[in-house]
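Q: What follows is the residue order along each chain.
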Amino acid sequence: MTAATAPRRPSTNRLASALSLSRSQAAVRALLVVASFALVVLTLVAAPHALIVAAVALVPLTLWAAWRPESSWATVLVVGHVLHWVATVPVPAGAGAWLRLLGAAWLLLVVHLAAALTASLPPGAPLPRATLRRWARRGAVVAGLTLPVWALALVAGEQRVPGEVGLTYAAIAAAAVLALVVHLLARDDDRG
Amino acid sequence: MSGAPAVGAASGAEAAGLRVSGRWRATPAHVRALGLGVLLVAVGVVLRRPDALVLGAPLLVVALWSSVHRPTADPELRVRTTAPLLREGQATAWRATLEPTAQVEEAGLTLLPTPHTAYDPGSRSVAAAVDPHGTEPTVLSVTCRSTRWGHRTLGPATLALSSALGGFRWEPEPISLPAVPTVPLPDTFTARVAVPHPDGLVGQNRSHHPGDGGELDQIRPFRFGDRLRRVHWPVSARTGQLHVTATHADQDSEILLLVDAMHDIGRSEGVDGSGSSLDNAVRAAGAVAEHYLRAGDRVGLIVLGARDLPPVTAAAGPNHLRRLLDALARTRVADGTVSDEKRLRSQLRHHVSAGTLAVILTPAVSPDVLAHAVGLSRRGISVVTVDTLPAELASPDLPAERLADIAATAAEHPDETRLAWRIRLLERSREMARAREAGVPIVPWAGPGTLDLVLRDLGRRSRAPRVVSR
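Protein chains in written order, with the numbering used here: chain V, 1 to 192; chain S, 1 to 470.
Chain S with its partners taken away, still in its complex shape (with noise of 0.2 Å):
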């Protein structure tokens, strides 16, 4: 497997890995070897049977043997995880390292499998033989590539030691390391649009208001104030009047990502298969957040629909990316129940500031998402929304073996299942009617240039004279 490099590296502390303790058991076998060596060679003795004798004394050696290198000493262990993050497609490895021990001769270790993870090797179990008399550690590793954003909880592991022919064994319980954040692989974005409103302080966006800034505006007549560095002298001796280059003020904007996490459709394959909508929308999320902070914007960030995880506030700055993508990482989807409602409406009435470009990240099953989007439009609000849902499964006529995607009860319902879905089409591509009438856009996740059309749209109606609600 070729994972690719992982994203940080662990700090010494971490390096160090955490220590297993446990202690030295007598195997079945050993027992097996004992027992039934020292009754037959007794029976041979006793009642002078020379093949019990013969029979036992081989399983009484092997025993004597296990029991002359009987370890007496713990030994020195220590698990670690070798990344503390990861993205999406990228690998760590769980490693176990041994530090040399008198008598211990096999060590082994093996992962329970956990979703959405790839393992080499592929049965997640690995062994080493030890030397007793050396003097170097020895490593188990198995490597772990993280499919999908998320939290990932590798293992928990079992890991074995045995002394000599397996007389011994040292079996700490199961090691269940903390779970390696996963954040997603952002899709490839780019807006060659600038944002409608920027009114920031410094940016990279062209304000409407003329000052100090990169883009030129115009040449005009010198006036009080001007700074002598910015006089045109070539204007300036043709004419015999000084005359100075104005510019355009650079500006930044906030930008505001709204993630539905209400719903999750589609199969989640990882990086390497197909996405569900909940997978389109936090890639396409993380691909907007890269670009617009990569640009100098401030970046929000609230997923609708997700526990325990608070607004991620308006900021800008690398730090900040990685602040987004750790949020993202740890969106999960709603359980439906009544308490998520109630959750997302709350989290529906949350602030937001004039000349903020609101992003909304859906698949426009839930009509609240859309209503507040149009809530937002009236408010005179830029609104984008980005329909995450899955291509194949906007088709009405979906094949049997896609409608397990969409309903956990579809093996039992396929005909009611198809109908239900097709009638929820119907109303979502009117509720999405609706909301384009509104003023609020609405365009599939295409990456790069998804949004340059809808933000030039937006750029020109925020232009024009309009009437809004606040």
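Chain V with its partners taken away, still in its complex shape (with noise of 0.2 Å):
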């Protein structure tokens, strides 16, 4: 076949040919770097100061951590977001900044799974559908899960509850805590 017959593929299905991704992978990748690009530029909107220096690192932090999400460098991308996130945005007031902060956690959610997913499985084997549906649905519910924990801090946030709410905070982690450990140890006893 010569290169004139030859069918134009897409240019980003050349790109993951020649990095030796199959497609699902590349895709899966893509949506990291866009969820990760897609925080850095939430975190510049809500920054009353912007951290331009901080900003153009996490872009080739991104790039290499898509390239090598089994690495630490997907750890490092996920710190400093998070850093970045801390470092220049206030405590959120009002209902736009709430907002602002729900995504990002969802975006923080999403550069984690997809680099988890990716380490997870070979990155010249395509993803079966059936992972890529079981991720979506876990995201799905683990991002929905967020939820609660978002409305009760932006109602302890906004309403100025009476009392310490530092030790609420801290009970409902212990008791969250507490019910894991027992839940660990009647499953090991179970077992053996």
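No lab work stands behind these hints: they were computed from the structure. Source: prediction; values computed, not measured. Note that CB positions come from ideal geometry on N, CA and C, so glycine has one too. Hints are not guaranteed to be accurate.
Example chain S residues on the side facing chain V (calculated, C-beta under 10 Å, incomplete) [claimed, not checked]:
no., residue
1, Val-41
2, Gly-44
3, Gly-108
4, Pro-156
Not close to chain S: a few residues of chain V, all C-beta gaps over 10 Å, as computed [to be verified]:
no., residue
5, Leu-31
6, Val-33
7, Ala-50
8, Leu-51
9, Ala-54
10, Leu-117
11, Ala-176
Two chains, two frames, some hints: make the complex.
A: Now the structure itself:
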């Protein structure tokens, strides 16, 4: 087949094959890149004094983490996003700021899950549809479980409820950890 | 990919495969989610930063989800190749079978590339979604098509299983299975002319001597000892005297194949592409062996210059063909060291029985092998030399892209390499001319009928008186 008669392939396919990636792996890594860039933009929008240096540093870090999601650079990327947000965005005040915070949490979740999924399976292998559906479903569940925490934080932040809010958070976290420990111990007893 | 079916099927013990062991470990993603989630929630609580709490919550949920579904049992995973033996162009599958195991959700397999092997899928990687509650085993399979004779070590392979949300990973050490022998796919070969000196007991070659056989010699008067069923009644009735049908004896002969593995010249692209001199020699030897073994003759093999490959004694039968092809598959080109030269000299002192037809397959680059052919011919052995040098390399003006096929340093010194090759070809043609003058026919390998003309000449010559040195 000559070059003139060869069918044209989309540029994304050519890029994916050059990187020895399957199309689905390339798509999930592209999702990681998009979510990371969106989080950078969201942080810049939410921050009153944007830290451009951090944003610029996160761009190549994103590309490298998408190229090697199994490496520790993916962790560095997630930590970098968190530091960027916490350092530049003040405690939310107002509906818009709280919505941006929820969006940032979901984007951070997407970055983490995309990196974890692409690191779980060989880069050259197409991701099974069942795997993609399973991860999407669970990601949606986790995103949904974030809503009560976000709502609790929103209510606590907006209404200035009396009492020590920090202790309330600590009590909730302690109850959750206690429930998890009880569950794990009960499970080990059943197997033993 | 449409690989032809494999030669044989795996036996029961091989079909079960090799059990692989490993252990579950937390992944960097799980450590990231757990560590960062706990840290952010703690920062949110202690420093009164609800944004940190909200950012850390999904990560902590992911970490808790992975921990709740943490696998505790080792999976039962077996790996194997589906075919124990291949012919060139045939395919086998590198297969991993995972028995149903709780909490295993994803499985992936990747094979490292092996020379002269085509893979399907081309990425050599497959992935599967495992149903944690299923009852059927999960199979990961990569099809490997061997495109050249030899022993193929497929892999090593990397296998990995993952739990929920990629929290834990089970990954054994890279797995190497025993090499799969790929026997050469013999070229098409037939010879209509019988070998010059059949001397065995049974076979399909017509002997010069009378005896029991299938080919008519003459109808002659009855002699004492003739069997009555040999009486030819029409002639006996016409002449009034008993006549019998006399036949030539059917005998087998011994064929000795000498494969020159001192050099491998040319580009080896497997069964679908161009062949090197050793490719041509191995495939031609397989074809000649298959033809004569089917004709009932005995065939032996000596690979000149090959290490760890003892001579195969001449024998007959289909099992012997398998033995010969397996020996050919283990052929490796000599390194060109002093020990190889010594080995060649010791191999050239092999015994050749009278009446043997020696077929020497050589690119005729090594003068020792041609000298050996001349020596055998002078001892009265019927010798045929098959030139296996690829035809495109026999030209003195090689294009630049083919120079690398004959010398590793061609890229640095193309002009010197071309000049050296021209000189070598001149010497080769002179040595071949001398061998021909000494009575050793040299023919290029051309598939069916390659040996017919020279065998006919050898047959004529064998019936003429001649002087031999023993």
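Q: Now tell me, hint by hint, if it's right for this structure.
A: Hints, verified against the model:
1. The closest approach between the C-beta of S:Val-41 and any C-beta of chain V is roughly 6 Å, which is under the 10 Å cut-off, so the hint is satisfied.
2. Checking S:Gly-44 against chain V: minimum C-beta separation of about 7 Å stays under 10 Å; hint holds.
3. Checking S:Gly-108 against chain V by beta carbon gives a least distance of about 4 Å; that is within 10 Å, so the hint holds.
4. A least Cβ separation of about 14 Å between S:Pro-156 and chain V goes past the 10 Å threshold, and the interface hint is therefore violated.
5. A cut-off of 10 Å between C-beta atoms confirms that V:Leu-31 is not in contact with chain S; the least separation is 15 Å.
6. Interface exclusion of V:Val-33 from chain S stands, the closest Cβ pair being 17 Å apart, more than 10 Å.
7. For V:Ala-50, the shortest C-beta to C-beta distance to chain S comes to about 17 Å, beyond the 10 Å cut-off, and the non-interface label holds.
8. For V:Leu-51, the condition that its CB be more than 10 Å from all CB atoms of chain S holds, with the nearest at approximately 16 Å.
9. At roughly 16 Å from the closest C-beta of chain S, the C-beta of V:Ala-54 stays outside 10 Å, upholding its exclusion from the interface.
10. For V:Leu-117, the requirement that its beta carbon stay farther than 10 Å from each beta carbon of chain S is not met, with the minimum near 6 Å.
11. With 10 Å as the threshold on Cβ separation, the claim that V:Ala-176 sits away from chain S is violated: the shortest Cβ distance comes to roughly 8 Å.
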